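Please arrange chains B, C and D with the ligands on chain A, whose structure you already have, making use of the hints.
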Amino acid sequence: MAEAAHQYDETMPLEYRTEESRLNILGFWIFLGAEVVLFATLFATYLVLFQRTGSGPTTSDLFEIKDVMIETLLLLTSSFTCGLAVFEMRRRRLSGLLTWLLVTLLLGAGFITFEIREFIHYVHEGATIQTSAFLSSFFVLVGTHGAHVSLGICWMILIIIQLLQRGFTPRTARKVFIVSLYWHFLDVVWIFIFTLVYLTGMVM
Amino acid sequence: MKQKIWKWASLLPLSLVLLLSGCSENMLVMRPKGPVAKTQYDLILWSIGFMLLIIVVVFVLFTVVLIRYREKPGMENYEPEEEGNTLLEIVWTAIPILIVTALAIPTVKATFALEKPTKEKVEPITIHVTAANWKWIFSYPDQNIETVNYVNIPVDVPVKFKLTSVGPMNSFWVPQLGGQKYAMDGMETELFLEADEPGSYMGRSANFSGEGFTHMEFEVVAQTQKEFNKWVKEAQSTAPKLSETKYETILKPGLVGRMTFSNTHLEWIDHSKQNSHHAGEADEQARLCNPLEGNGIVVE
Amino acid sequence: MKWSEFFVTGEPLIYAADVAIVLTVIGIVFVLTYFKKWKWLWDEWLTTVDHKKIGVMYIISAVLMLFRGGVDALLMRAQLTAPNMKFLNSEHYNEIFTTHGTIMILFMAMPFIIGLMNIVVPLQIGARDVAYPYLNALSFWLFFVGAMLFNISFVIGGSPNAGWTSYFPLAGNEFSPGVGNNYYAVALQISGIGTLMTGINFLVTILKMRAPGMTLMRMPMFTWTILITCVLIIFAFPVLTVALALMTFDRLFDTQFFTMANGGMSMLWANLFWIWGHPEVYIVILPSFGIFSEVVSTFARKRLFGYKAMVYSIVGIAFLSFIVWVHHFFTMGAGAAVNSVFSITTMAIAVPTGVKIFNWLFTLRKGKIRFTTAMLWSLAFIPNFVIGGVTGVMLAMAAADYQYHNSYFLIAHFHYVLIAGTVFACFAGLHYWYPKMFGHILNERLGKWTFWLFMIGFNICFFPMYFLGLMGMTRRMYTYSEGLGWTPLNVVASVGAVLMGIGFIVLCYNIYYSARYGERDMTGDPWDGRTLEWATSSPVAHYNFAITPEVKDLDAYWEMKKSGKGFEIDEEKLKPIHMPSNSGRPFLISIAFFFAGFGLVFKWFWLAIIATIFIALGLILRSFDDDDGYYISVDEIKRTERLSGKGA
Amino acid sequence: MGANHHHETFPWKHIVGFILSLVLTFIALWVALSSGWTIKAILGVIVTLAVLQAALQLFMFMHMTESDSGRVQTINMLYSFFIAVVVVAGSIWVMWFVL
Ligand code: HEA
Ligand code: HEA
Ligand code: CUA
Ligand SMILES: [Cu+2]
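Those sequence lines, one after another, are chains A, B, C and D.
Numbers 1 to 204, taken from UniProt numbering, label the letters of the first sequence in order.
Numbers 1 to 300, taken from UniProt numbering, label the letters of the second sequence in order.
Numbers 1 to 648, taken from UniProt numbering, label the letters of the third sequence in order.
Numbers 1 to 99, taken from UniProt numbering, label the letters of the fourth sequence in order.
This is chain A alone, in the form it adopts within the complex:
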């Protein structure tokens, strides 16, 4: 970290200005690499187990395309608005940044609400995490993603507070950028959940 921590490089966007920030952003990318493998393992588990339904319901008994599409569109849009937030940040417009972060957050919350509703619906139909290997792996895969999104929401709230307190600093800018990486990444994961869990489940 060293002295370089305070060397400013004016040609770069704010979030890259300090050595510390550059290290953190790179570290976060690498963490995302680990997350890819984490989700891949959950996908592997799901794909190995999803036809092992025991005496419980199967994919086509459960999934409903309407709910899934609503969730998908909410999350896709939130990824877009999150991108806009970073765009605004790079134009140094705090109000724009805050607005888009807030919108992202609300869309994320909407996604979570629909997901919880979906889960509750399944449970009412007798499809719980204990029912079958398929459902265990389904709930854990989709639930892990949901937990990540919820965590992302809490994290964004923290960052909004810090932005309000401190305005643009290399540190807050870096945090915004990192949370945006996280958020887009969750969208990437969702695309695969959408494809490999829901669409595949309805086809098979």
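Note that these hints are calculated values from the structure, not bench results.
Everything numeric in this text was worked out from a predicted model, so none of it was measured.
Every residue, glycine too, gets a C-beta built ideally from N, C-alpha and C.
Some clues are possibly wrong.
Some but not every residue of chain D turned toward chain C, in silico, with C-beta under 10 Å [to be verified]:
(1) Ala55
(2) Trp93
(3) Met95
(4) Leu99
Residues of chain C clear of chain B, computed beta-carbon distances all greater than 12 Å [stated by the list, open to error]:
(5) Lys36
(6) Gly277
(7) His415
(8) Leu489
Positioned in the frame of chain A, the structure of chains B, C and D with the ligands alone reads:
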């Protein structure tokens, strides 16, 4: 220093010789009594040859280098510098590749061969093997016989073992007849073995399955076809019938002795089918499989 | 739950352990209080973010765990020495090999290596510290509380007993109803998170914080191996995280992943375990290769032969290590095609490994070999590891593996690679870098005693096991009957184990002896080293380098010395150095993790939830933390440098 | 480099990315539910679409290639996808016989 290294280097080949001569009697893997074990034995010998060669090369190089290039008085001004040598490096990449190829080809051949019956002309005899805590149950569907902890087979006839388990994974291993395969709950694996010579062979579980695992041994008795037929007749006529309740007591965790029955449990249950006995009776199963509630394990 | 279930009861061995633990704790508390060391402990160790101190703590923990795992090993050998022994019953034996394997690999080998890399890597690349010092402290404490959580299972609740591989369904609730396996799932999870963070931390450190001029192809070999190891950690540990999480769900919340009913699939556990497990064994062997490379080239007084090939071969090994996992369950019936493919990928690893072996041999050739203790360990590695390696290739031959699998042949293989590879490397590294850590040299005479006792004992212990395997002795048997012909070899093996134990005691004595009487290292470069860590004083100043060194070649420090100047510090060029501040938070967060884990083990969810709230609190505080660290003034640097004799 | 980013006044890149992701999603939906192709073909196409869309996010929204660590970040992501494929496809292949 010099002597020490020599002493130490000579330790390994020496013990090898000692062990090979002294204990070969008991080295079951190296005394194959059937075509499957023989295939594996040949493969093992083939590989040991290469491994010894590699070991010798490395050990010789190692010893020579250590002796010649120790720091000696008068070397103060010797400043060795050397970066590498592409030719040499290619050599010691290429030779291992050749050795690995020489090992891989027979390995792949043998691996494919072992999936098939050992003989084409002779119809194999099928025996279902069920591993349970902690005993082996053998069912002869065609002969309608079930045995526990021992299995009789005719010599020179391929045996198709269909393996499954009620509970933890076990591995079905008869070293002198051939390598092992896992017996797993809710699924079925197949293992072909064959004996060349009549005799009694040790079999045991090779995969840890809990408290009584150590005692999960069984005997494979290879008999001539005539004797085998005689045994089948005898068992069919004299052995008691296996009832469902009796079967459940056998399944309870613990050790049991040898048994023979004149019917098989396959009539009412096939553990290799996922959930055949579990659906809706998980509690029952928990009771059966829970060592704390069973009658405990009998250990000498 | 009754107290009598909470504490493990009814065993003299365990009561003795209880007493020993209580006495040790009282002893430690007393000593700390008596010598007024609490504040020192807190300021200097518990809150430190200095990579060197964190490394030392890793190594101390690892040596303790080597003792624990070693005692387990000796107990097993005692039980197996004669047929029908009544020393341990089946239940105890099962717990002991489980904890032995788990502790040795996860809480001994890994932290030992991570400790060495903590101490050495930043020094080798000329950095002030790691990329994320705070995270580094958190990694250590997470590992540490994970290890402690695992260890207390011995006296509280009962140890796991399904093997270090914990295959289902055996490890499920049905067959392992106690809390033992919860400990396995939760403790490994906690320390695994720590390890993952270490991987990220060091990857970024090595990629981004090298001294100017140190291109990738000028990096010391140890640093190279750590770089690649980090890649393995980052991509392998998430798999373990998931596998353990699924295990935890199955055990605590009755999900159906690996159960026997309702579609569960026990084979999936084995599959996931080994997707992590195989890279894991390379995670502990690659850094070992790095250590040997450093030591061999230092004491042969030659540059590493074929540096580039050495780099490519580790990359090759790391790549292959992710596509061989099925060799651990060839016998599960996946079919000849699957087995053949994985057979071939596995055997392929012999090629890059062979390249390394021959390159080491040719580094020695034409050298000027000095037989220090560190060098002895490194030399002994070569022949011993080759035995382990080629028997590994025998195991890789699927059709033949059907005969070796789970037999003592396998036990012999992996002790040959783990001990002759990893443990020898840890000992070599410990002796080699000891002066950097503590400022004095480990006594060479005692070191050589340790070496010969341990190395000879090791061969006596494990070589016979190859033959026991061929005789049909399977692993995890707590006893065997007479007449199988296994007795003589088992006796021999136990004798070897005792020799290793004596060797270990000599090592411990050496640590004590050298601390009192050991030769101080005044130069900072006792071995005439080649890489940058030897350019610092011993022990190293907390800021590492007063000025960042410039690197012109591989073996940077060697080049500096050859050019006649060494590493000179021009006082004119000194600038204030920025340092991260200490923090107690990593330690406290980890304590909260301990309680969260403990709560999960016993299904006391209230405890787990409260502890999780504390964890979250710690993280939020961290997020609002604005601490920018502090600066060390030029004057202070001058003073320190002059004291250590390095300054002008 | 992302530096050019801050001179832009309108988020073209983001809007194009967003529209593309919507289009890809709806194509996948149609292929899966209404195309009537064979299961194999459907799976092949929708997985390809998912991969495309993931790449889109990485490049358009996450600026993966920017900064002086762009190369490392890209290699890291590619390698993690490689491992992901090994884990998923490998597990399925290895356990195919029981599925
Ligand atoms: C440090 C740890 C370590 C290392 C480095 C290795 C290295 C290797 N291992 Fe080992 N292995 C383990 C730790 C390790 N292993 C453990 C812990 C287990 C058991 C886990 C359990 O079940 O509990 C295990 C189990 C294990 C199995 C499973 C067996 C079974 O369960 O039935 C197999 C099978 O293929 C295997 C193979 C190999 C191979 C091919 C190598 C290769 O990397 C070796 C390469 C080295 C050489 C070959 C020597 C040098 C080369 C030359 C001199 C060149 C010329 C050589 C040739 C051409 C052959 N190992
Ligand atoms: C790095 C890893 C590592 C290391 C270093 C070791 C070291 C040793 N191991 Fe280990 N072993 C494993 C990893 C390791 N092992 C694994 C993974 C398994 C598989 C577990 C499983 O099946 O799940 C295993 C299994 C295993 C078995 C097979 C058990 C079975 O399947 O039934 C045996 C049997 O002899 C054994 C023996 C030894 C011995 C004698 C040592 C010696 O090297 C130990 C050296 C001894 C010491 C360092 C002792 C120091 C202590 C003292 C001197 C104190 C004396 C004081 C008192 C007794 C109070 N080990
Ligand atoms: Cu199958 Cu219990
Ligand atoms: Cu392996």
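Cross-check of the supplied hints:
{"no.": "1", "hint": "Ala55", "verdict": "20 Å, violated"}
{"no.": "2", "hint": "Trp93", "verdict": "7 Å, holds"}
{"no.": "3", "hint": "Met95", "verdict": "6 Å, holds"}
{"no.": "4", "hint": "Leu99", "verdict": "9 Å, holds"}
{"no.": "5", "hint": "Lys36", "verdict": "48 Å, holds"}
{"no.": "6", "hint": "Gly277", "verdict": "16 Å, holds"}
{"no.": "7", "hint": "His415", "verdict": "15 Å, holds"}
{"no.": "8", "hint": "Leu489", "verdict": "7 Å, violated"}
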